[in-house]
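A.B. asks: Sequence:
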Amino acid sequence: MRVTVTVCDVCEDAERETRSWQIRDVSGGVTGNVDLCEEHEQPLAALLAKAPASSTVKTKTKARAAGATPAKARYRPHGIKVTTPEEIEKKKREQGA
Numbered sequence: 006m007r008v009t010v011t012v013c014d015v016c017e018d019a020e021r022e023t024r025s026w027q028i029r030d031v032s033g034g035v036t037g038n039v040d041l042c043e044e045h046e047q048p049l050a051a052l053l054a055k056a057p058a059s060s061t062v063k064t065k066t067k068a069r070a071a072g073a074t075p076a077k078a079r080y081r082p083h084g085i086k087v088t089t090p091e092e093i094e095k096k097k098r099e100q101g102a
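Taking the working numbering, the leading residue of the sequence shown gets 6, the next gets one more, and so forth.
Wrong hints could be hidden among the right ones.
Said to hold, decoys possible - Across the chosen pairs, the derived CB separations fall in these ranges:
# : residue 1 : residue 2 : range
1 : 33        : 11        : 25 to 31 Å
2 : 32        : 92        : 45 to 51 Å
3 : 58        : 33        : 53 to 59 Å
4 : 57        : 36        : 17 to 23 Å
5 : 8         : 31        : 33 to 39 Å
6 : 32        : 90        : 34 to 40 Å
7 : 8         : 43        : 44 to 50 Å
Derived from the structure by calculation, the hints contain no laboratory data.
Backbone N, C-alpha and C fix where the C-beta goes; we use that ideal spot for every residue, glycine too.
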């Protein structure tokens, strides 16, 4: 049997309930995860409450037309050659002859 106990990263008190927080420095690209008890999460919760609504992250997905391939998916780096089914059949016939 395996038991996992998550403790506050600040006080390390196993008796307190914790919440996991993900903190990201957008300009530096650094991300960190911390587990904090209610007492030690208060500064983060206060900052989050003061943050303007536009700074909260919202994820939206766009519907694409059927068969539409994004430009990034069409790009083949480093000159990767794509073989068509016709070319494959031609090679098979040449090898078989």
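A.B. asks: It remains to establish, for every hint, whether it holds in the given structure.
C.D. replies: Here's how the hints hold up against the structure:
{"no.": "1", "hint": "33 with 11: 25 to 31 Å", "result": "holds, 27 Å"}
{"no.": "2", "hint": "32 with 92: 45 to 51 Å", "result": "holds, 48 Å"}
{"no.": "3", "hint": "58 with 33: 53 to 59 Å", "result": "violated, 24 Å"}
{"no.": "4", "hint": "57 with 36: 17 to 23 Å", "result": "holds, 21 Å"}
{"no.": "5", "hint": "8 with 31: 33 to 39 Å", "result": "holds, 36 Å"}
{"no.": "6", "hint": "32 with 90: 34 to 40 Å", "result": "violated, 48 Å"}
{"no.": "7", "hint": "8 with 43: 44 to 50 Å", "result": "violated, 22 Å"}
Hint compliance for this structure: hints 3, 6, 7 are broken, all remaining hints hold.
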